[in-house]
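Chains as they are written, first to last, in the numbering used here: chain Y, 1 to 291; chain Z, 1 to 291; chain W, 1 to 291; chain X, 1 to 291.
Quick caveat, the hints were computed from the structure, so don't treat them as lab data.
Please note that a few of the clues may not be correct.
Claimed, not checked - With a cut-off of at most 25 Å between alpha-carbon atoms, the simulated DSS-like pairs for lysine-lysine come out as follows:
| no. | chain 1 | residue 1 | chain 2 | residue 2 |
| --- | --- | --- | --- | --- |
| 1 | Y | K139 | Z | K139 |
| 2 | Y | K210 | Y | K50 |
| 3 | W | K152 | Z | K284 |
| 4 | W | K279 | Z | K284 |
Unchecked claim - Residues from chain Y that keep clear of chain W, each with C-beta distances beyond 12 Å, as calculated:
| no. | residue |
| --- | --- |
| 5 | L31 |
| 6 | L77 |
| 7 | N154 |
| 8 | K156 |
Beta carbons are placed, not taken as given, at the ideal position from N, Cα and C, and that holds for glycine.
As a plain string of letters, each chain reads:
Protein chains: 4
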Amino acid sequence: MSTNNTTPHSAMLLISCPDQVGIVAAITDFLYQHNGNIIDLEQHVGVREKHFFMRIEWNLQGFSLSVGELKKQFGSLIAERFNMDWQLSLADEIPRMALFVSKHSHCLYDILARYQAGEWNVRIPVIISNHPDLESAAKNLGIDFHVFPMTKQNKKAQEHAQLTLLQDYGVDFIVLARYMQILTGQFIAHYPNKIINIHHSFLPAFPGAKPYHSAYERGVKVIGATSHYVTAQLDAGPIIAQDVIHVRHTDAVDDLVRKGRDIEKLVLARAIWHHLRHKIVVCKNRTVVFS
Amino acid sequence: MSTNNTTPHSAMLLISCPDQVGIVAAITDFLYQHNGNIIDLEQHVGVREKHFFMRIEWNLQGFSLSVGELKKQFGSLIAERFNMDWQLSLADEIPRMALFVSKHSHCLYDILARYQAGEWNVRIPVIISNHPDLESAAKNLGIDFHVFPMTKQNKKAQEHAQLTLLQDYGVDFIVLARYMQILTGQFIAHYPNKIINIHHSFLPAFPGAKPYHSAYERGVKVIGATSHYVTAQLDAGPIIAQDVIHVRHTDAVDDLVRKGRDIEKLVLARAIWHHLRHKIVVCKNRTVVFS
Amino acid sequence: MSTNNTTPHSAMLLISCPDQVGIVAAITDFLYQHNGNIIDLEQHVGVREKHFFMRIEWNLQGFSLSVGELKKQFGSLIAERFNMDWQLSLADEIPRMALFVSKHSHCLYDILARYQAGEWNVRIPVIISNHPDLESAAKNLGIDFHVFPMTKQNKKAQEHAQLTLLQDYGVDFIVLARYMQILTGQFIAHYPNKIINIHHSFLPAFPGAKPYHSAYERGVKVIGATSHYVTAQLDAGPIIAQDVIHVRHTDAVDDLVRKGRDIEKLVLARAIWHHLRHKIVVCKNRTVVFS
Amino acid sequence: MSTNNTTPHSAMLLISCPDQVGIVAAITDFLYQHNGNIIDLEQHVGVREKHFFMRIEWNLQGFSLSVGELKKQFGSLIAERFNMDWQLSLADEIPRMALFVSKHSHCLYDILARYQAGEWNVRIPVIISNHPDLESAAKNLGIDFHVFPMTKQNKKAQEHAQLTLLQDYGVDFIVLARYMQILTGQFIAHYPNKIINIHHSFLPAFPGAKPYHSAYERGVKVIGATSHYVTAQLDAGPIIAQDVIHVRHTDAVDDLVRKGRDIEKLVLARAIWHHLRHKIVVCKNRTVVFS
Numbered sequence: 001m002s003t004n005n006t007t008p009h010s011a012m013l014l015i016s017c018p019d020q021v022g023i024v025a026a027i028t029d030f031l032y033q034h035n036g037n038i039i040d041l042e043q044h045v046g047v048r049e050k051h052f053f054m055r056i057e058w059n060l061q062g063f064s065l066s067v068g069e070l071k072k073q074f075g076s077l078i079a080e081r082f083n084m085d086w087q088l089s090l091a092d093e094i095p096r097m098a099l100f101v102s103k104h105s106h107c108l109y110d111i112l113a114r115y116q117a118g119e120w121n122v123r124i125p126v127i128i129s130n131h132p133d134l135e136s137a138a139k140n141l142g143i144d145f146h147v148f149p150m151t152k153q154n155k156k157a158q159e160h161a162q163l164t165l166l167q168d169y170g171v172d173f174i175v176l177a178r179y180m181q182i183l184t185g186q187f188i189a190h191y192p193n194k195i196i197n198i199h200h201s202f203l204p205a206f207p208g209a210k211p212y213h214s215a216y217e218r219g220v221k222v223i224g225a226t227s228h229y230v231t232a233q234l235d236a237g238p239i240i241a242q243d244v245i246h247v248r249h250t251d252a253v254d255d256l257v258r259k260g261r262d263i264e265k266l267v268l269a270r271a272i273w274h275h276l277r278h279k280i281v282v283c284k285n286r287t288v289v290f291s
Numbered sequence: 001m002s003t004n005n006t007t008p009h010s011a012m013l014l015i016s017c018p019d020q021v022g023i024v025a026a027i028t029d030f031l032y033q034h035n036g037n038i039i040d041l042e043q044h045v046g047v048r049e050k051h052f053f054m055r056i057e058w059n060l061q062g063f064s065l066s067v068g069e070l071k072k073q074f075g076s077l078i079a080e081r082f083n084m085d086w087q088l089s090l091a092d093e094i095p096r097m098a099l100f101v102s103k104h105s106h107c108l109y110d111i112l113a114r115y116q117a118g119e120w121n122v123r124i125p126v127i128i129s130n131h132p133d134l135e136s137a138a139k140n141l142g143i144d145f146h147v148f149p150m151t152k153q154n155k156k157a158q159e160h161a162q163l164t165l166l167q168d169y170g171v172d173f174i175v176l177a178r179y180m181q182i183l184t185g186q187f188i189a190h191y192p193n194k195i196i197n198i199h200h201s202f203l204p205a206f207p208g209a210k211p212y213h214s215a216y217e218r219g220v221k222v223i224g225a226t227s228h229y230v231t232a233q234l235d236a237g238p239i240i241a242q243d244v245i246h247v248r249h250t251d252a253v254d255d256l257v258r259k260g261r262d263i264e265k266l267v268l269a270r271a272i273w274h275h276l277r278h279k280i281v282v283c284k285n286r287t288v289v290f291s
Numbered sequence: 001m002s003t004n005n006t007t008p009h010s011a012m013l014l015i016s017c018p019d020q021v022g023i024v025a026a027i028t029d030f031l032y033q034h035n036g037n038i039i040d041l042e043q044h045v046g047v048r049e050k051h052f053f054m055r056i057e058w059n060l061q062g063f064s065l066s067v068g069e070l071k072k073q074f075g076s077l078i079a080e081r082f083n084m085d086w087q088l089s090l091a092d093e094i095p096r097m098a099l100f101v102s103k104h105s106h107c108l109y110d111i112l113a114r115y116q117a118g119e120w121n122v123r124i125p126v127i128i129s130n131h132p133d134l135e136s137a138a139k140n141l142g143i144d145f146h147v148f149p150m151t152k153q154n155k156k157a158q159e160h161a162q163l164t165l166l167q168d169y170g171v172d173f174i175v176l177a178r179y180m181q182i183l184t185g186q187f188i189a190h191y192p193n194k195i196i197n198i199h200h201s202f203l204p205a206f207p208g209a210k211p212y213h214s215a216y217e218r219g220v221k222v223i224g225a226t227s228h229y230v231t232a233q234l235d236a237g238p239i240i241a242q243d244v245i246h247v248r249h250t251d252a253v254d255d256l257v258r259k260g261r262d263i264e265k266l267v268l269a270r271a272i273w274h275h276l277r278h279k280i281v282v283c284k285n286r287t288v289v290f291s
Numbered sequence: 001m002s003t004n005n006t007t008p009h010s011a012m013l014l015i016s017c018p019d020q021v022g023i024v025a026a027i028t029d030f031l032y033q034h035n036g037n038i039i040d041l042e043q044h045v046g047v048r049e050k051h052f053f054m055r056i057e058w059n060l061q062g063f064s065l066s067v068g069e070l071k072k073q074f075g076s077l078i079a080e081r082f083n084m085d086w087q088l089s090l091a092d093e094i095p096r097m098a099l100f101v102s103k104h105s106h107c108l109y110d111i112l113a114r115y116q117a118g119e120w121n122v123r124i125p126v127i128i129s130n131h132p133d134l135e136s137a138a139k140n141l142g143i144d145f146h147v148f149p150m151t152k153q154n155k156k157a158q159e160h161a162q163l164t165l166l167q168d169y170g171v172d173f174i175v176l177a178r179y180m181q182i183l184t185g186q187f188i189a190h191y192p193n194k195i196i197n198i199h200h201s202f203l204p205a206f207p208g209a210k211p212y213h214s215a216y217e218r219g220v221k222v223i224g225a226t227s228h229y230v231t232a233q234l235d236a237g238p239i240i241a242q243d244v245i246h247v248r249h250t251d252a253v254d255d256l257v258r259k260g261r262d263i264e265k266l267v268l269a270r271a272i273w274h275h276l277r278h279k280i281v282v283c284k285n286r287t288v289v290f291s
């Protein structure tokens with residue numbers, strides 16, 4: 001039995017490795033030997049890179065291995081043999097997400113509305129901002145809100161304090177919900193492929209600041225938004241989700257900003273959804289996003 | 001000078017009438033005679049109906065007529081001559097919108113987030129529901145929240161009480177943000193083309209209850225949402241906005257519901273935006289939505 | 001090694017059966033035992049129906065079974081055990097597609113342009129029409145063109161003659177490229193899930209004739225097209241692909257027809273592509289379309 | 001009476017000028033004085049540039065001025081007064097379009113299919129290519145086909161010969177239907193805002209050669225196409241139309257190319273349609289495209 005939604009008590013493996021004969025058979029046979037009923041399996045081989053990607057989800061009810069034994073046996077019997085990068089997740093574990101915001105409220109409000117409605121399997125223990133403006137939204141939901149004012153001088157120290165705070169809150173991944181600060185490489189290195197950003201253009205067009213102004217100047221007929229994992233290179237990390245909306249000459253910059261907000265919200269929410277559902281594998285600055 | 005957004009101190013005329021020679025010239029000459037600088041003009045003639053539609057917006061600064069004189073003179077000199085339906089609006093007037101909700105929060109939260117962020121030129125004095133569930137969202141923003149439990153027996157009386165309340169709050173128009181009650185014809189008659197509903201399908205496909213279940217059963221590859229003015233005939237009123245999203249066989253009914261919510265929010269917000277900007281003329285169950 | 005395009009010398013299995021533990025392991029192990037390198041595997045379990053669907057493609061080079069042995073052994077060892085519906089296809093086999101047309105040229109021209117450019121792995125031996133209008137397009141490409149004028153009186157006889165002709169040409173499946181005749185149930189029974197139609201609306205909205213006129217009357221803000229397998233019930237067969245385009249009040253019926261043509265072409269071409277790539281399984285009037 | 005399609009015997013004015021009070025009144029009054037029934041009027045003021053744009057179409061039946069008188073009187077009475085750029089077009093005049101192609105057939109075939117079906121009000125007297133490959137498609141429709149092989153050495157001379165040929169054929173505007181040569185500034189200067197190109201990316205992302213390869217490398221989740229007027233700066237001219245399609249990790253470069261072709265065809269056809277309908281005004285490298 002299966003659904004697109006994670007089954008409680010299911011386990012998921014995300015796997016990538018060089019392609020060769022027999023990988024799928026080895027994995028599915030391993031699960032079958034331990035009475036694991038496969039709920040969902042998606043597999044892909046990148047033709048240029050000759051690289052194998054797979055997501056497999058199975059029911060832990062009736063499965064004959066404990067999680068500890070599973071990790072040990074899968075690691076030694078399968079993963080080593082095929083030289084795999086792999087990640088095991090359990091549907092019962094609720095990931096802990098930190099939000100970073102500045103003054104723009106639309107992405108934050110959208111995320112909190114989904115949170116409040118129970119749309120996602122996630123916990124939000126803390127919201128961090130460089131401005132106090134959005135504190136009340138956090139407070140209404142009982143989420144801690146910490147302000148870290150940022151200057152060129154204090155950036156290093158503040159980031160260090162943020163990292164300590166994130167650790168204290170047991171944060172698994174970070175969402176930059178229109179956080180108007182550039183993170184340093186040192187900060188990013190603590191959360192590789194675990195910081196999700198929303199950029200307000202269809203990258204690689206219009207990276208950096210003021211993309212809607214640039215879009216207006218260029219006279220484009222579509223504007224868009226891009227959600228990506230943050231890497232040390234600005235707006236150049238692996239893209240998770242993108243979408244666009246048509247615009248016309250009648251749209252002034254303010255209209256682009258207004259229409260763009262709706263796309264930003266949607267695209268960021270989709271990226272978070274995929275991340276939470278353990279659907280994403282990153283390989284060489286590209287993402288595999290299973291369906 | 002012009003923007004897609006309403007200029008403060010501008011006036012707007014929405015006009016529809018049988019088509020004939022000279023309408024545009026008569027209107028623009030009238031405004032020119034009184035020193036009205038046209039900010040925006042859009043005109044359309046329906047080919048089948050031979051019906052003329054126009055939206056014109058001009059600056060009241062420097063305009064030589066008072067609003068009272070304008071109404072009187074335009075009415076007697078122009079509107080009567082061409083047998084016009086017409087509606088004058090002033091950008092300085094802030095419309096008062098009532099929200100009707102039940103238990104689904106996504107459309108309400110989306111509207112309140114836009115309201116809180118100041119995205120719209122609107123006041124929300126009151127939210128009405130047949131359930132108490134969403135009260136706290138209203139309270140957080142200082143909006144009055146009234147619960148009217150509905151049964152077959154009390155419907156007439158409750159609607160009557162609602163109408164009184166709406167009048168007390170000076171409500172100009174109503175938005176049904178996933179209100180799970182069918183309004184009676186008597187109620188609707190008090191707000192002709194002033195009640196905006198969101199239906200969770202691309203009408204005319206799947207009217208009535210449980211459209212996502214029907215969509216799943218039929219195996220469609222797109223689902224959608226429709227915002228329309230409410231008329232006495234269920235889900236058959238003039239359509240203001242529609243949009244769709246692609247779905248696949250991997251989407252269970254729950255996934256359709258989840259994906260659909262995002263489209264519902266967007267489509268309802270667009271319809272409200274057009275209504276607030278005085279962009280919509282209704283003619284024979286179809287809408288003209290100026291850009 | 002893998003691509004989204006079929007590899008020459010690859011084999012594909014489309015499978016559906018009641019869900020149970022061990023299906024994937026049994027299939028992939030069977031292939032592994034005979035040295036079959038899996039190129040692509042996609043699997044889905046319908047949650048409501050508890051039904052298992054799978055598409056698997058593997059390389060025949062190095063595979064230790066002949067096609068005959070494969071069919072025999074897979075049938076007896078795997079398919080019977082799990083009570084499977086299954087279909088084996090070989091990338092080396094070029095399917096033979098017949099086109100049915102009337103007077104509208106846009107879908108036909110689009111298909112022939114793709115055919116001429118070698119976009120699809122298909123042969124088109126014959127085009128059938130109830131009118132002679134489009135003959136020259138067929139002739140330019142050396143495709144036989146047969147005219148079967150249709151009346152109420154001769155329909156049965158003409159369909160019988162068409163079936164004979166299709167058999168003579170060794171036709172595997174049929175595409176109704178805006179064929180303006182309704183096929184009888186007897187005809188359809190000869191090609192179950194092998195007749196692809198394009199309907200010029202987003203079904204289930206506006207089935208039957210003149211959907212663009214109905215769309216105009218209803219005042220919808222999106223129009224669409226639907227490609228589906230033909231069943232005995234008009235415009236109610238399993239949907240393969242759908243898409244829509246936004247329209248406005250400025251679009252007269254002629255504009256809907258014009259804009260709709262482009263969507264019809266695209267949607268029909270996508271459906272044919274999926275069919276040719278053996279990506280579609282039909283189950284209870286719904287399609288599973290693998291990616 | 002009006003339609004989105006040009007009425008036979010109608011005239012169109014495209015106007016742009018610095019904004020000021022009274023322009024619309026002056027124009028519509030001028031037409032009214034000479035008994036011109038306005039069919040369609042769209043007006044826009046660019047807020048940043050304080051620039052006025054307008055398209056107006058009226059019926060010449062009953063209009064009291066000849067075309068010659070119209071030009072003279074409108075020029076001296078209205079256009080000079082408001083310092084207008086203006087262009088008069090007559091629906092009865094059929095524009096003459098030249099196509100430039102290389103080896104890719106999809107855009108050419110799509111255009112010829114529309115031409116053959118009578119979708120557009122246009123004449124195609126000549127197709128020019130740097131390769132002989134697509135000659136037969138032209139010949140089938142009785143369109144002259146000229147091959148100009150291009151090398152670095154002969155480019156200047158060949159372009160000169162092309163210009164002579166275009167003049168001989170009385171060509172009004174040029175469509176580059178995947179013409180794989182870069183035109184020189186001298187050539188372009190002969191057809192300012194009269195050469196329409198299709199670029200196979202959503203500009204400004206991925207200008208230049210091999211955009212699909214670049215899109216694959218960057219891992220984008222949408223690909224697109226852009227139609228624009230050609231200027232001396234490569235892929236930087238005013239954009240007329242853009243559209244995109246979603247892609248996934250399963251799409252190899254070949255799939256991007258395949259999916260992209262369909263978007264290229266659509267976007268180019270839309271741009272040609274707008275140009276033929278005299279809907280486009282260019283101002284400072286941006287287009288106003290009336291609806």
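Quiz item: Looking at Y:L31 again, its CB stays over 12 Å from all of chain W?
Solution: About 7 Å separates Y:L31 from the closest Cβ of chain W, which leaves it inside 12 Å; violated.
Quiz prompt | Satisfaction of hint between Z:K284 and W:K279, Cα-Cα up to 25 Å | solution = Not OK: W:K279 and Z:K284 at ~45 Å, beyond 25 Å, violated.
Quiz prompt | Y:K156 and chain W, when compared Cβ to Cβ, separated by more than 12 Å | solution = 45 Å, holds
Quiz item: Taking the minimum C-beta separation from Y:N154 to chain W, is that value above 12 Å?
Solution: 48 Å, holds
Quiz item: Are Y:K139 and Z:K139 close enough, with their CA atoms no more than 25 Å apart?
Solution: The given pair, whose Cα atoms are some 14 Å apart, holds under the 25 Å limit.
Exercise. Compare the distance between the alpha carbons of Y:K210 and Y:K50 with 25 Å, and conclude whether the hinted pair is satisfied.
Key: Violated, at about 39 Å.
Quiz item: Are the Cα atoms of W:K152 and Z:K284 separated by 25 Å or less?
Solution: With a Cα-Cα distance of about 38 Å, the restraint between W:K152 and Z:K284 is violated, given a limit of 25 Å.
Quiz prompt | Non-interface label on Y:L77, tested against every C-beta of chain W at 12 Å | solution = 15 Å, holds
Violated hints, listed in ascending order, are 2, 3, 4, 5; each of the other numbered hints is respected by the structure.
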